[in-house]
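Student: What follows is each chain in one-letter form.
There are 2 protein chains.
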Amino acid sequence: MKHPLTIGIAGLGTVGSGLLSLLEAHGARLSQTIGRKIVIGGVCARDRERARTLGIEALPWFDDAIELARAPGIDVFVELIGGDEGVPRAAVEAALKAKKHVVTANKALLAKHGATLAALAEANGVELNFEAAVAGGIPVIKTLREALAANEIQRIYGILNGTCNYILTKMQEDGRPFLSVLGEAQAKGYAEADPAFDIGGFDAAHKLTLLASLAFGTLPALDAVYVEGIQTISAADIEAADELGYRIKLLGVASRTPSGIEARVTPVLVPRNSAIAQVAGVTNCVAIDGDFAGSLMLIGPGAGARATASAVASDILDIAHGGVLPPFLTPVAQLRPHIRADLSQHQGAYYIRLSVVDKPGALASIAKRMGDQGVSLESLVQKKPKSGTALTLGAPPAPVILITHPTNERAIRSALAAIEQDGNVSERPQMIRIEKL
Amino acid sequence: MKHPLTIGIAGLGTVGSGLLSLLEAHGARLSQTIGRKIVIGGVCARDRERARTLGIEALPWFDDAIELARAPGIDVFVELIGGDEGVPRAAVEAALKAKKHVVTANKALLAKHGATLAALAEANGVELNFEAAVAGGIPVIKTLREALAANEIQRIYGILNGTCNYILTKMQEDGRPFLSVLGEAQAKGYAEADPAFDIGGFDAAHKLTLLASLAFGTLPALDAVYVEGIQTISAADIEAADELGYRIKLLGVASRTPSGIEARVTPVLVPRNSAIAQVAGVTNCVAIDGDFAGSLMLIGPGAGARATASAVASDILDIAHGGVLPPFLTPVAQLRPHIRADLSQHQGAYYIRLSVVDKPGALASIAKRMGDQGVSLESLVQKKPKSGTALTLGAPPAPVILITHPTNERAIRSALAAIEQDGNVSERPQMIRIEKL
Chain Y
1 MKHPLTIGIA GLGTVGSGLL SLLEAHGARL SQTIGRKIVI GGVCARDRER ARTLGIEALP
61 WFDDAIELAR APGIDVFVEL IGGDEGVPRA AVEAALKAKK HVVTANKALL AKHGATLAAL
121 AEANGVELNF EAAVAGGIPV IKTLREALAA NEIQRIYGIL NGTCNYILTK MQEDGRPFLS
181 VLGEAQAKGY AEADPAFDIG GFDAAHKLTL LASLAFGTLP ALDAVYVEGI QTISAADIEA
241 ADELGYRIKL LGVASRTPSG IEARVTPVLV PRNSAIAQVA GVTNCVAIDG DFAGSLMLIG
301 PGAGARATAS AVASDILDIA HGGVLPPFLT PVAQLRPHIR ADLSQHQGAY YIRLSVVDKP
361 GALASIAKRM GDQGVSLESL VQKKPKSGTA LTLGAPPAPV ILITHPTNER AIRSALAAIE
421 QDGNVSERPQ MIRIEKL
Chain A
1 MKHPLTIGIA GLGTVGSGLL SLLEAHGARL SQTIGRKIVI GGVCARDRER ARTLGIEALP
61 WFDDAIELAR APGIDVFVEL IGGDEGVPRA AVEAALKAKK HVVTANKALL AKHGATLAAL
121 AEANGVELNF EAAVAGGIPV IKTLREALAA NEIQRIYGIL NGTCNYILTK MQEDGRPFLS
181 VLGEAQAKGY AEADPAFDIG GFDAAHKLTL LASLAFGTLP ALDAVYVEGI QTISAADIEA
241 ADELGYRIKL LGVASRTPSG IEARVTPVLV PRNSAIAQVA GVTNCVAIDG DFAGSLMLIG
301 PGAGARATAS AVASDILDIA HGGVLPPFLT PVAQLRPHIR ADLSQHQGAY YIRLSVVDKP
361 GALASIAKRM GDQGVSLESL VQKKPKSGTA LTLGAPPAPV ILITHPTNER AIRSALAAIE
421 QDGNVSERPQ MIRIEKL
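Sequence order for the protein chains is Y and A. FYI, the numbering for the first sequence is 1 to 437, going by the numbering used here. FYI, the numbering for the second sequence is 1 to 437, going by the numbering used here.
Bound-form chain Y, shown alone (with noise of 0.2 angstroms):
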């Protein structure tokens, strides 16, 4: 047997705790088979009790995260803290500049420091695995790094937050809306008490960043993802969305174009008999496009402690095999900047919904400022209004849905603009995009 693999772990909440489950339950089949133990050289969180609660108050404890990340005797640092700045940070990068490897399942460090930490794992020679930082159970990290290694990719994209898939899917099944949905989401613990970094597609960008950069080669830029979050989805466009064939998921989406990179989390439809599109609740799906091995689809599960905790465990058996990858595949002083694509030239189909007020000529002057940015319509329906919806004296306006031929954003913008300067409706107008799968 080969010298015993030690790591030291930081953070003993859900994943933390999840590892060292799977290790109670794998670790000495898994010492067995890989013909070397695993074991734990030290613990730290932030409260020396969850280790008792833990059973785990024999192990060497540690205070101060740093000090673990550069204890004698650890060969892996394990990161489970979370956060981009303070004490994970300044662990990882201690940790990486005692020459010891690091697993983290710390997507908002990497997509905020990536770069210069990757460095520091090549100039120390040692590995910085991240496969818990990205969707969870699925290998999307290793898929990219090794198993399309020989691939250029042409676009990533998926569903990359349990709770705004978890929400999509319960307003499409219960024609419910979504305030509702998220309070529930919320009591199950599918949803924060602030659910601002997921509803509104944060979450979904850091993700979206590690893979971009993965996937082309470049430096990660979180702040080159444009973002939309689905707060402004109504049980109305769901319903629509439905009655055209499509289903509203939350995307996020990298592509090459001619310009440079297209990066957005945003709502889109998707076909309803796709196979992304029966992705449901909480889990994920990644999709890959490479010249060579065509079109990949990963499914499964998105977060939870076992699934994450898989993953990080397969991040520490990549170490104790040997062979030292370079983080993100390419060295860092290979990777290119990220040259961000003028999202107004993206090029798409469009779902519009419009609150369209009971004006003679209203639709004629609607279809008319279409017209006028080139833009052209494949079904335009007009719904009858819900009775008692209605808060005007007046007739309520009837919504009316959109689905555009493919044209260019700039178009789409200006045209809606022009509608609602018109006074032709009464609410801003919807729009989502239409994603070509």
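No lab work stands behind these hints, which were simulated from the structure alone. Built from N, CA and C at the ideal position, the CB exists for glycine as well. Some hints could be false.
Unchecked claim - In silico DSBU-like pairs for lysine-lysine, Cα to Cα no more than 35 angstroms straight-line:
hint	chain 1	residue 1	chain 2	residue 2
1	Y	Lys-436	A	Lys-188
2	Y	Lys-384	Y	Lys-368
3	A	Lys-436	Y	Lys-436
4	Y	Lys-2	A	Lys-2
Claimed, not checked - A short list of chain A residues far from chain Y (calculated; beta carbon distances all over 12 angstroms):
hint	residue
5	Pro-177
6	Phe-202
7	Ala-236
8	Arg-340
9	Gln-345
10	Met-431
Given chain Y, work out where chain A should sit, using these hints.
Tutor: Here is chain A on its own, set in the frame of chain Y:
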């Protein structure tokens, strides 16, 4: 830069040509990324003319694959000949004994001789990688060997043969019979002139053998796989399944049961709105249930020159990065025997199609035979016989579709045997398992 990695390629058919295209397209970039040049040190094929048509006539040519496998200066022997005996087997053995790493796409060789070859690789401290042997461009071997290595796998299943899936998809979409679609698939090059290996489920059985070994840490056991092909699936089955909310797919399924491993390749019914039901045409998919990672599904191209070449290249890159893994993850000496579960103990629901003769009491007798075996029915639909299909002078037999509640296979087989003996059906009963996803 590290010293170059020199590969020898035996076999210049579809996959071999695909690999040359890939190295032509991405070789220079890859060498730079991994800091190591990848050099083709020799090629070998049946017909030397092939090297000329591929524009590689300047590369060292070997008439004998075994000689190439042993050639000094070759670090990795890439076996793309195919076949489970003779030259490919001897060449792979020669390479391993000469301490060369081996990359192969040869599922037949590994399903039959995997344990022996893995032991050779381990004894010589080299890699034997076979990502391309199962499901083409889908990185399922890597996912099992590395990403899910810390999991106990409960079940692995998937659509492992593109030809069968193409035929079933077309039968579904066009409502055409099996033989008509098979002919079209042959004309399009999606099915071989002799389709028995694909259609009969044997190709999928070879792949399932390798997946089961990796998933359960057991010796590869091709003979332990129960195999049924799709040749018995009629347009009537596809139509009836559709009406009941199902699709028919040829699945390979291997699962742990209390009595051993149940490994089977059979047509099954899956719910129409499941992700696996959306996997259409020649696309493959593999689903894996891990105790920590949860349920993962990977979808992608299962064959083709480029996708398979992407998998071969990923295996070569893993070798370039260093670190040696046992071919079946668990060292061969630790692989347990594959204990075959008794399929007659299979638990599940069944779809049954009977051609019931027009005779008083026939249906009642059928229902009694089911009841005698403790099989209860979820639904029974008697369909109107299609006019013009009757070959008898009397009333034509009426198709009756039964869906059972979960039962075991012994009971259902006994009931069907009794029904057949009673003379109440004019054809052998059709029985298709309903897969619980």
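Student: Does Lys-436 (chain Y) lie within 35 angstroms of Lys-436 (chain A) when you go C-alpha to C-alpha?
Tutor: Within the cut-off at roughly 31 angstroms; holds.
Student: Beyond 12 angstroms from every Cβ of chain Y: is that where the Cβ of Gln-345 (chain A) lies?
Tutor: Gln-345 (chain A) clear of chain Y: closest Cβ-Cβ about 27 angstroms, beyond 12 angstroms.
Student: Verify this label for me: Ala-236 (chain A) is non-interface relative to chain Y, using a Cβ-Cβ cutoff of 12 angstroms.
Tutor: holds (24 angstroms)
Student: According to the definition I'm using, a residue is off the interface if its beta carbon is farther than 12 angstroms from all beta carbons of the partner; does Arg-340 (chain A) meet that for chain Y?
Tutor: Per Cβ check, Arg-340 (chain A) is outside 12 angstroms of chain Y; nearest 23 angstroms; holds.
Student: Is it true that the CA of Lys-2 (chain Y) sits at most 35 angstroms from the CA of Lys-2 (chain A)?
Tutor: holds (25 angstroms)
Student: Is it the case that Phe-202 (chain A) keeps its Cβ farther than 12 angstroms from each residue Cβ in chain Y?
Tutor: Correct as stated: the minimum Cβ-Cβ distance to chain Y is 25 angstroms, above 12 angstroms.
Student: Mind verifying the non-interface call on Met-431 (chain A)? Its CB should be farther than 12 angstroms from each CB in chain Y.
Tutor: holds (28 angstroms)
Student: Below or equal to 35 angstroms on CA atoms is what counts here, so check Lys-384 (chain Y) against Lys-368 (chain Y).
Tutor: With a Cα-Cα distance of about 22 angstroms, the restraint between Lys-384 (chain Y) and Lys-368 (chain Y) holds, given a limit of 35 angstroms.
Student: Is the hinted pair Lys-436 (chain Y) and Lys-188 (chain A) satisfied, with a Cα-Cα distance of at most 35 angstroms?
Tutor: Given pair Lys-436 (chain Y), Lys-188 (chain A) holds - Cα atoms ~27 angstroms apart, limit 35 angstroms.
Student: Pro-177 (chain A) clear of chain Y by more than 12 angstroms, beta carbon to beta carbon?
Tutor: Pro-177 (chain A) clear of chain Y: closest Cβ-Cβ about 24 angstroms, beyond 12 angstroms.
Checked against the numbered hints above, the structure breaks none of them.
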